Amino acid sequence: MQAEIRRSIVYRSERGKTVRLCISVRGDRIMHATFTGDFFGEPAEELNKIGESIVGLSIKERDKLLSRLDAFLRERVEWIEGVSPEDFKQALVKILENL
Amino acid sequence: MSVRKTPAGEKWRLLEVERPEDPYYNLAIEEAVARTVGEGIAPTTLRFWRNDNAIVIGAFQCVSLEIKLEECVRYGVKVVRRFTGGGAVYHDIRNLNYAISFRRPSPIPGDDILNGYRMVGEAVIAGLEKLGVKAEFIPVNDIQVGGRKISGMAGTLTKNFLFIHGCLLVGSNIEILSRVLNVPKEKLEAKGVGSVRARVTTLRDELNREITMDEVKTALLRGFEEVFDVELIPGELTSWEERIAEELYRNKYMTIVWNLGPCRGCPDRDRDALILGRVGLAGGD
Numbered sequence: 013m014q015a016e017i018r019r020s021i022v023y024r025s026e027r028g029k030t031v032r033l034c035i036s037v038r039g040d041r042i043m044h045a046t047f048t049g050d051f052f053g054e055p056a057e058e059l060n061k062i063g064e065s066i067v068g069l070s071i072k073e074r075d076k077l078l079s080r081l082d083a084f085l086r087e088r089v090e091w092i093e094g095v096s097p098e099d100f101k102q103a104l105v106k107i108l109e110n111l
Numbered sequence: 093m094s095v096r097k098t099p100a101g102e103k104w105r106l107l108e109v110e111r112p113e114d115p116y117y118n119l120a121i122e123e124a125v126a127r128t129v130g131e132g133i134a135p136t137t138l139r140f141w142r143n144d145n146a147i148v149i150g151a152f153q154c155v156s157l158e159i160k161l162e163e164c165v166r167y168g169v170k171v172v173r174r175f176t177g178g179g180a181v182y183h184d185i186r187n188l189n190y191a192i193s194f195r196r197p198s199p200i201p202g203d204d205i206l207n208g209y210r211m212v213g214e215a216v217i218a219g220l221e222k223l224g225v226k227a228e229f230i231p232v233n234d235i236q237v238g239g240r241k242i243s244g245m246a247g248t249l250t251k252n253f254l255f256i257h258g259c260l261l262v263g264s265n266i267e268i269l270s271r272v273l274n275v276p277k278e279k280l281e282a283k284g285v286g287s288v289r290a291r292v293t294t295l296r297d298e299l300n301r302e303i304t305m306d307e308v309k310t311a312l313l314r315g316f317e318e319v320f321d322v323e324l325i326p327g328e329l330t331s332w333e334e335r336i337a338e339e340l341y342r343n344k345y346m347t348i349v350w351n352l353g354p355c356r357g358c359p360d361r362d363r364d365a366l367i368l369g370r371v372g373l374a375g376g377d
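These protein sequence lines are chains A and B, in that order. If you number the first sequence the way the working numbering does, the last residue is 111 and the count never jumps. If you number the second sequence the way the working numbering does, the last residue is 377 and the count never jumps.
Next comes chain A alone, as it looks inside the complex:
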């Protein structure tokens, strides 16, 4: 079995707060992904599941990853402050650059 690679990143938003992304990858598949940070928003249950939207996808399918993330933020998050939806995508882009 291939080894699991873990990466994490801290992304500072221009809106003043921070997004952290922790990701683990086996082969080219995302096994776990969690977005955390000091932002504000609702509903809390959905904000805590943002990372689940990209689990199972390939790190080589960048457009699909960003599209899935974008759809989740648009459809399931009512409001968010301190960071923007774009900040979550940028954190993902930066971590993909290091994989």
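Hints in this document: simulated from the structure, not taken from any laboratory. Watch out, some of these pointers could steer you wrong.
Said to hold, decoys possible - For lysine to any residue, the following SDA-like pairs were computed, each having C-alpha atoms within a straight-line distance of at most 20 angstroms:
1. Lys72/A <-> Ile107/A
2. Lys61/A <-> Ile348/B
3. Lys61/A <-> Gly357/B
4. Lys251/B <-> Ala56/A
5. Lys61/A <-> Val349/B
6. Lys251/B <-> Pro55/A
7. Lys160/B <-> Ile266/B
8. Lys241/B <-> Ile185/B
9. Lys61/A <-> Lys344/B
10. Lys251/B <-> Glu87/A
11. Lys344/B <-> Pro55/A
Stated by the list, open to error - If you want a taste of the chain A side facing chain B, the calculated C-beta under 7 angstroms gives, among others:
12. Gly28
13. His44
14. Thr46
Claimed, not checked - Just the calculated beta-carbon pair ranges, DEER-fashion:
15. Ile133/B <-> Asn110/A: 50 to 58 angstroms
16. Glu163/B <-> Ile17/A: 26 to 34 angstroms
17. Arg296/B <-> Arg86/A: 44 to 52 angstroms
18. Ala83/A <-> Arg296/B: 46 to 54 angstroms
19. Asn110/A <-> Arg296/B: 40 to 48 angstroms
20. Arg74/A <-> Pro197/B: 39 to 47 angstroms
The structure displayed is predicted, hence computed values, not measured ones. Glycine included, every Cβ here is placed at the ideal spot set by N, Cα and C.
Could you slot chain B onto chain A? The hints should help.
This is chain B only, laid out in the frame that chain A set:
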């Protein structure tokens, strides 16, 4: 946009219910009051309270990344997650927390949380002015004196309520704060400081004297009354709030699964669950 202007002289409830030795119960009360106000069962409420030696982590933060858990065990610091977002804060008995719950539509313009931070910030600043301290509001949610943070706020907006709470550094032990919090270097660099200690100040430092909590609370109370043009009347928790708080305490705030947070794939989760168990939290994953 719906805005409810506060009728002049409207009466709000003032609560001073606290269990400094039990941060889990304090947070349960916070949420119980917000929900009850949101349901219209209690009036707009301002609460003052304290924790004694605890870290309160934001709803969307990762315990493993934000806190030095082993340092918490060394200093006997309890760790509790709150129901609002924002960053991790250290509370000791010389830190005063304030919390305000509004039923919607609230007197905050647009029921907008950023406006909420600004307006509640103005109330706190008005209170600090009465103590002789000149502070300013720094977006998104900070209050600073001379470029150093003296208070930070967090909050949330649901269907029923707008809730803002914050902590004011009265005479806190900033040394422990800097040892137990893991502030990302990106955040310190963005603030132009090299350490947590350089970024914060206390009322004691600014006044160059000890100050009692009663003095601080009286001043803040006047600030809120002035900015919102209301009268704050001392009150108690309703039996409804006591029941909700008890349920939240047992089923949420005292559990490891709540306090660990959303990082289910984190390799450090089991280790951190054991550590949280050592400081008295219950429940499994």
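Results for each hint:
About 12 angstroms separates the Cα atoms of Lys72/A and Ile107/A, which keeps this hinted pair within 20 angstroms; it holds. Between Lys61/A and Ile348/B the alpha-carbon distance is near 18 angstroms, which keeps this suggested pair within the 20 angstroms criterion. The hinted pair formed by Lys61/A and Gly357/B meets the criterion: a straight-line CA distance of about 12 angstroms does not exceed 20 angstroms. A hinted pair counts as satisfied when its Cα atoms are at most 20 angstroms apart, and Lys251/B with Ala56/A qualifies at roughly 13 angstroms.
With a CA separation close to 15 angstroms, the supplied pair Lys61/A and Val349/B stays within the 20 angstroms bound. The suggested pairing of Lys251/B with Pro55/A holds, with an alpha-carbon distance near 10 angstroms, which does not exceed 20 angstroms. The straight-line distance between the Cα atoms of Lys160/B and Ile266/B is roughly 15 angstroms, inside the 20 angstroms bound, and the hint therefore holds. Proximity of Lys241/B to Ile185/B is assessed by CA-CA distance (about 18 angstroms); at most 20 angstroms being required, the pair is judged to hold.
Of the supplied pair hints, the one linking Lys61/A and Lys344/B holds, its CA atoms being roughly 18 angstroms apart against a limit of 20 angstroms. Using a Cα cut-off of 20 angstroms, the hinted pair Lys251/B and Glu87/A holds, with the two alpha carbons roughly 17 angstroms apart. Among the hinted pairs, Lys344/B with Pro55/A is consistent with the structure: their alpha-carbon atoms are about 17 angstroms apart, no more than 20 angstroms. A least Cβ separation of about 5 angstroms between Gly28/A and chain B falls short of the 7 angstroms threshold, and the interface hint therefore holds.
The criterion of a C-beta within 7 angstroms of any C-beta in chain B is met by His44/A, whose closest approach is roughly 3 angstroms, and the hint holds. Interface restraint check for Thr46/A: the shortest CB-CB distance to chain B comes to about 5 angstroms, inside 7 angstroms, so the restraint holds. Between Ile133/B and Asn110/A the CB atoms are about 51 angstroms apart, so this pair conforms to the stated range of 50 to 58 angstroms. Checked against the given bound of 26 to 34 angstroms, the beta carbons of Glu163/B and Ile17/A, roughly 29 angstroms apart, stay inside it.
Between Arg296/B and Arg86/A, the C-beta spacing of about 47 angstroms keeps the proposed range 44 to 52 angstroms intact. Checking the proposed 46 to 54 angstroms range against Ala83/A and Arg296/B shows it holds: the Cβ atoms sit about 50 angstroms from each other. A hinted range of 40 to 48 angstroms holds for the C-beta pair Asn110/A and Arg296/B, which are about 44 angstroms apart. A hinted range of 39 to 47 angstroms for the beta carbons of Arg74/A and Pro197/B is consistent with their spacing of about 43 angstroms.
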